[in-house]
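Protein chains: 2
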Amino acid sequence: MSVYRAPAEDMLFVLEEIAGRPDIATLPGFEDASADIVAAIIEEAGKLGTDVLDPLNQSGDSEGCTFENGVVRTPTGFKEAYQQFIDGGWNSMPFDPEYGGQGLPWLISTATSEIWHAANMSFGLCPLLTGGAAELLSEHGSDALKSVYLEKMISGVWTGSMNLTEPHAGSDLARIRTKATHDGDNYRISGQKIFITYGEHDFTDNIVHMVLARTPGGPEGIKGISLFVVPKVLVNEDGSLGARNDLRCASIEHKMGINASPTAVMLYGENEGAIGYLVGEENRGIEYMFTMMNNARLAVGLEGVAIAERAYQRARAFAEDRAQGRAIGDKSQEVVSIIHHPDVKRMLLSMRSQTEAVRALAYYVAGNLDVAHRHENSDAAKKAQAFVDLLTPVVKAWSTDVGVDVANTGIQIHGGMGFIEETGAAQHFRDARIAPIYEGTNGIQANDLAARKIGREGGVTAKQLISEMRASLESMASSHARMSSAIDALERATDWIVETYEKDPETALAGAVPYLRLMGITVGGWLMVRSLEIVQQKRDQYPDFADRKLASVRYFARYTLTEAEGLAIAVTEGSSSITQTALKDL
Amino acid sequence: MSVYRAPAEDMLFVLEEIAGRPDIATLPGFEDASADIVAAIIEEAGKLGTDVLDPLNQSGDSEGCTFENGVVRTPTGFKEAYQQFIDGGWNSMPFDPEYGGQGLPWLISTATSEIWHAANMSFGLCPLLTGGAAELLSEHGSDALKSVYLEKMISGVWTGSMNLTEPHAGSDLARIRTKATHDGDNYRISGQKIFITYGEHDFTDNIVHMVLARTPGGPEGIKGISLFVVPKVLVNEDGSLGARNDLRCASIEHKMGINASPTAVMLYGENEGAIGYLVGEENRGIEYMFTMMNNARLAVGLEGVAIAERAYQRARAFAEDRAQGRAIGDKSQEVVSIIHHPDVKRMLLSMRSQTEAVRALAYYVAGNLDVAHRHENSDAAKKAQAFVDLLTPVVKAWSTDVGVDVANTGIQIHGGMGFIEETGAAQHFRDARIAPIYEGTNGIQANDLAARKIGREGGVTAKQLISEMRASLESMASSHARMSSAIDALERATDWIVETYEKDPETALAGAVPYLRLMGITVGGWLMVRSLEIVQQKRDQYPDFADRKLASVRYFARYTLTEAEGLAIAVTEGSSSITQTALKDL
Numbered sequence: 001m002s003v004y005r006a007p008a009e010d011m012l013f014v015l016e017e018i019a020g021r022p023d024i025a026t027l028p029g030f031e032d033a034s035a036d037i038v039a040a041i042i043e044e045a046g047k048l049g050t051d052v053l054d055p056l057n058q059s060g061d062s063e064g065c066t067f068e069n070g071v072v073r074t075p076t077g078f079k080e081a082y083q084q085f086i087d088g089g090w091n092s093m094p095f096d097p098e099y100g101g102q103g104l105p106w107l108i109s110t111a112t113s114e115i116w117h118a119a120n121m122s123f124g125l126c127p128l129l130t131g132g133a134a135e136l137l138s139e140h141g142s143d144a145l146k147s148v149y150l151e152k153m154i155s156g157v158w159t160g161s162m163n164l165t166e167p168h169a170g171s172d173l174a175r176i177r178t179k180a181t182h183d184g185d186n187y188r189i190s191g192q193k194i195f196i197t198y199g200e201h202d203f204t205d206n207i208v209h210m211v212l213a214r215t216p217g218g219p220e221g222i223k224g225i226s227l228f229v230v231p232k233v234l235v236n237e238d239g240s241l242g243a244r245n246d247l248r249c250a251s252i253e254h255k256m257g258i259n260a261s262p263t264a265v266m267l268y269g270e271n272e273g274a275i276g277y278l279v280g281e282e283n284r285g286i287e288y289m290f291t292m293m294n295n296a297r298l299a300v301g302l303e304g305v306a307i308a309e310r311a312y313q314r315a316r317a318f319a320e321d322r323a324q325g326r327a328i329g330d331k332s333q334e335v336v337s338i339i340h341h342p343d344v345k346r347m348l349l350s351m352r353s354q355t356e357a358v359r360a361l362a363y364y365v366a367g368n369l370d371v372a373h374r375h376e377n378s379d380a381a382k383k384a385q386a387f388v389d390l391l392t393p394v395v396k397a398w399s400t401d402v403g404v405d406v407a408n409t410g411i412q413i414h415g416g417m418g419f420i421e422e423t424g425a426a427q428h429f430r431d432a433r434i435a436p437i438y439e440g441t442n443g444i445q446a447n448d449l450a451a452r453k454i455g456r457e458g459g460v461t462a463k464q465l466i467s468e469m470r471a472s473l474e475s476m477a478s479s480h481a482r483m484s485s486a487i488d489a490l491e492r493a494t495d496w497i498v499e500t501y502e503k504d505p506e507t508a509l510a511g512a513v514p515y516l517r518l519m520g521i522t523v524g525g526w527l528m529v530r531s532l533e534i535v536q537q538k539r540d541q542y543p544d545f546a547d548r549k550l551a552s553v554r555y556f557a558r559y560t561l562t563e564a565e566g567l568a569i570a571v572t573e574g575s576s577s578i579t580q581t582a583l584k585d586l
Numbered sequence: 001m002s003v004y005r006a007p008a009e010d011m012l013f014v015l016e017e018i019a020g021r022p023d024i025a026t027l028p029g030f031e032d033a034s035a036d037i038v039a040a041i042i043e044e045a046g047k048l049g050t051d052v053l054d055p056l057n058q059s060g061d062s063e064g065c066t067f068e069n070g071v072v073r074t075p076t077g078f079k080e081a082y083q084q085f086i087d088g089g090w091n092s093m094p095f096d097p098e099y100g101g102q103g104l105p106w107l108i109s110t111a112t113s114e115i116w117h118a119a120n121m122s123f124g125l126c127p128l129l130t131g132g133a134a135e136l137l138s139e140h141g142s143d144a145l146k147s148v149y150l151e152k153m154i155s156g157v158w159t160g161s162m163n164l165t166e167p168h169a170g171s172d173l174a175r176i177r178t179k180a181t182h183d184g185d186n187y188r189i190s191g192q193k194i195f196i197t198y199g200e201h202d203f204t205d206n207i208v209h210m211v212l213a214r215t216p217g218g219p220e221g222i223k224g225i226s227l228f229v230v231p232k233v234l235v236n237e238d239g240s241l242g243a244r245n246d247l248r249c250a251s252i253e254h255k256m257g258i259n260a261s262p263t264a265v266m267l268y269g270e271n272e273g274a275i276g277y278l279v280g281e282e283n284r285g286i287e288y289m290f291t292m293m294n295n296a297r298l299a300v301g302l303e304g305v306a307i308a309e310r311a312y313q314r315a316r317a318f319a320e321d322r323a324q325g326r327a328i329g330d331k332s333q334e335v336v337s338i339i340h341h342p343d344v345k346r347m348l349l350s351m352r353s354q355t356e357a358v359r360a361l362a363y364y365v366a367g368n369l370d371v372a373h374r375h376e377n378s379d380a381a382k383k384a385q386a387f388v389d390l391l392t393p394v395v396k397a398w399s400t401d402v403g404v405d406v407a408n409t410g411i412q413i414h415g416g417m418g419f420i421e422e423t424g425a426a427q428h429f430r431d432a433r434i435a436p437i438y439e440g441t442n443g444i445q446a447n448d449l450a451a452r453k454i455g456r457e458g459g460v461t462a463k464q465l466i467s468e469m470r471a472s473l474e475s476m477a478s479s480h481a482r483m484s485s486a487i488d489a490l491e492r493a494t495d496w497i498v499e500t501y502e503k504d505p506e507t508a509l510a511g512a513v514p515y516l517r518l519m520g521i522t523v524g525g526w527l528m529v530r531s532l533e534i535v536q537q538k539r540d541q542y543p544d545f546a547d548r549k550l551a552s553v554r555y556f557a558r559y560t561l562t563e564a565e566g567l568a569i570a571v572t573e574g575s576s577s578i579t580q581t582a583l584k585d586l
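Same order as they appear, the protein sequences are chains C and A.
Under the working numbering, think of the first position of the first sequence as 1, with each following residue one higher.
Under the working numbering, think of the first position of the second sequence as 1, with each following residue one higher.
Extracted from the complex, chain C is given alone in its bound form:
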């Protein structure tokens, strides 16, 4: 039995020392984010995770959601847990106080989101989606729309869902066919959407669907898509709920994981057409979506961090408990717990060091996001935004790949028990496996990094980051040879991406995935090395933690960072071999 505990020590360390919480608390509107308040928030969130969400995680997976006559029932206890969640105000943390939000930094809700996803990823998806929908509405919705929907979504009294995918339009949103026709001031929506997370459920009386659709006569492709608010239940003028809108859940999917979260097929407008309200202007739906997507991608990246942490905790508890074999060189017959065996130690260090590295990077980017939004010095804000843009696909893809890898190692530590569902280790893998796919596959993230974030700007921001990492290393008390080599490798690969993207974008993109991993381990490695320098300088403040961090960083340097050279070669020498391969030879 493993009980999830929020890793408050590492979370607070990263918030304070790596992600810039103290500076962010000086930004306008963020005065409440003091060290004490943040520590108290993490503590309370941890309790909710441990006491309420974690106990429902395995039962939710095995029970799953049911679908009957258009009605979705979530597993036993989820509805009550959701009520407790919104009663505690957890849904509203990063949102605008004008609409009932708490106006806390994104960085702080990053930490609490990690807790929800670690304790119960299926549950955590509901606030994740509602948050994305609320953000879209905040940024682009009219005051009229906001006044009807936003406060309820921020409080969590109503949830939100994101309706992008259709059977023929997954990664390729240009192929969306759902229609929106004018009807007075509003629109009538008709079409089918698939893979709609929490598209239907029993938590709340209303669900606010954000739906991408085409208006008649608009441009073809990606530039002819608009965004609509389509509520499950129409809202009367006095704010009370009225008639059901013309939309329904047709079925839910039978998935590999996140089984406690319903993934709906949604049918809009089978009869008179579902009433939809335009967000912003026609044909700008994709553009609006992109403003929200960065945060959603960071949020999915966090799922990777979270599952990795949870899988690590479970594996560590098992390794300490499971007695098997003797210590090497011990001639007595005394059985030891498997945590004593060198390869089990190695696996645990692999799990923890990678988890800490992706956490450091995710929080670092979240901190930059707050600076980008609030800093009064526009140069500082711009630089932070450039780092956010560059690193968001890295957080999304690298963290979720790490989530899968760490959960996979967690199964291995359990041996045969790892393959038995009741143990719980397999669920972490099955849950983690969606994160590299949704919110833009990790291949799409890598393309975004190589093409939009590096290629199109000639690598300016990437080189700025490389310089900053070099300068930071040079200022350190110790030298870090593996880290320096990784930065050199990243620089070579970046130069190659910049040059190649200009003359041969196809080949540049063939190198995108190994390039993204190289950037992930290098920037993550840099934050790990920085962490080590800090805990060694402040040993009094972090007495036990310093040794643990040393163990993590040492592992990361000698196992993970040593991949850097090979990855750079894969990028610079391998990519052309992909492009040259004929389809018949695949």
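One or more of the hints may lead you astray.
Copies of the same chain look alike in the list, so a pair counts if it works inside one copy or between any two.
To be verified - Below, simulated DSSO-like cross-link-like pairs (lysine-lysine); rule was C-alpha separation at most 27 Å, straight line:
(1) Lys584 - Lys331
(2) Lys146 - Lys79
(3) Lys584 - Lys538
(4) Lys47 - Lys584
(5) Lys503 - Lys584
(6) Lys179 - Lys47
(7) Lys331 - Lys179
No lab work stands behind these hints, which were simulated from the structure alone.
Because the structure is a prediction, the values reported are computed rather than measured.
Following the hints, position chain A against chain C.
Relative to the frame of chain C, chain A by itself:
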């Protein structure tokens, strides 16, 4: 929809050119293994795989096995498929003609086993276990036992099961508690065994359990364990079936994958004690088990090869079919299938090149096994046996890790559909995931390699293999720089293992897992490079295949072999950091 087709072209290429089929056919008793006959066997086996086993794979997974009142029912169609399988004589291929076997080389049944596991891994486990049990009996059983059981097991009229694991004795067999007490000429067995694959099922009237148990007064630990034949149904003197033995299946496990294969909890001797027949001598059970284990480990390694092939075929079919996005640089709105996208090409090449590499290694070792058993020149036989001993843990662990990795990439190629169970991609992953665990976890394999196969003999065989690879490279028409570097890295790491094992075995074993991977990619890479040289010399014989092999080998060299340096550093510099880490810091 993807239909499995046995990859006959690559299989036959590897059999003929890499694994030494022509030489093996000259060994005594193997005269039937001519090129034509082997090609015909592969073709017929492929038909059974495609027409009978593959169509039951997904339905078997979703239906699963049921357990009621001690009776296990396998999914619809499995019993009939098994009958067809044994009627075709497929169970008896590598066994002694004296007991009804066909006496074909192990190498040939290696290829057919790949087909069974690829088409339906849950099904393939039944002959795998029966084969292991039959081999134990052939090698160590008395003539009396053989005359009662062996022919029926070789034909498949009865199946076999291996009963090692108990709740407290997984990797650590020294902790076995199951008891065997004398009762006249025989024994009475009592105890609980878990994780017994096909421990109970509805394919056949009898199941021959091979059970490890302790006799009273024997030594403690691993040296006090004996091996028994314990039939489900007792056999009368005339060979007819008699009374039920005192054993039963108490339950079957709810697993992550291989759901169509029952994994039983077995209870022996709840009443008067189950009648068991000693195999060989008392207290030598573990020793006997080890003689069989090499083959079983190769067989599990093959499961990795097989699932990788199946996952590749499914992903390739999907990538060709799924239209999404435009070709890079194409300004038209024309949608292309995703196989055109560079990262999808890369993923497919990653899947296929790794699959071909693990196949080459597995068949190469199987070929050596035949030489070891049959070669009349004892030096040749000894050398072959030494290579088999060295490389068996590598085949088991590396191939099964590759199986998991390739199946994981297969999910990714499917995007959102990969996470939906009906697609079938997720099943390959879930099935593949057991193979790194059972038959000795991959960590145990790595320990076996580093300690028993390298450390204890001072690296003699490993160095012989390294010399052979170097000489082979030097004799090639082209130079292969990445391959040479990988061999150098393997040599450095081998020297380190040899030196360190002597003075500090714990640290040596901390490096075992990355060392095993390094050996896998290096030896597998060498066989890939050899393959390339051969197809280029014999382009007329392998016209299309030569280009495909070039694409695979190029990928393997630039992506997989470039890991070698980093792995060597992890071994030689990382291992001490594992040993130095205190338990409190894990």
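Evaluated hints:
Within a single copy, Lys584 and Lys331 get their C-alpha atoms only as close as 59 Å, which misses the 27 Å cut-off; across copies the closest is 24 Å, which meets it. Only within a single protomer do Lys146 and Lys79 lie at most 27 Å apart by alpha-carbon distance; the minimum there is 26 Å, versus 62 Å between protomers. Taking the shortest Cα distances, Lys584 and Lys538 sit within 27 Å of each other only across copies (20 Å), while inside one copy they are farther apart (59 Å). In this homomeric assembly, Lys47 and Lys584 come within 27 Å of each other (Cα to Cα) only across copies, at 24 Å, whereas the closest approach inside a single copy is 56 Å.
Taking identical chains as interchangeable, the C-alpha atoms of Lys503 and Lys584 lie at most 27 Å apart only when both belong to the same chain, with a minimum of 25 Å there against 53 Å between chains. In this homomeric assembly, Lys179 and Lys47 never come within 27 Å of each other (Cα to Cα): the closest approach is 45 Å inside a single copy and 47 Å across copies. Taking identical chains as interchangeable, the C-alpha atoms of Lys331 and Lys179 lie at most 27 Å apart only when they sit on different chains, with a minimum of 25 Å there against 75 Å within one chain.
Taken one by one, the earlier hints fail for this structure only at number 6.
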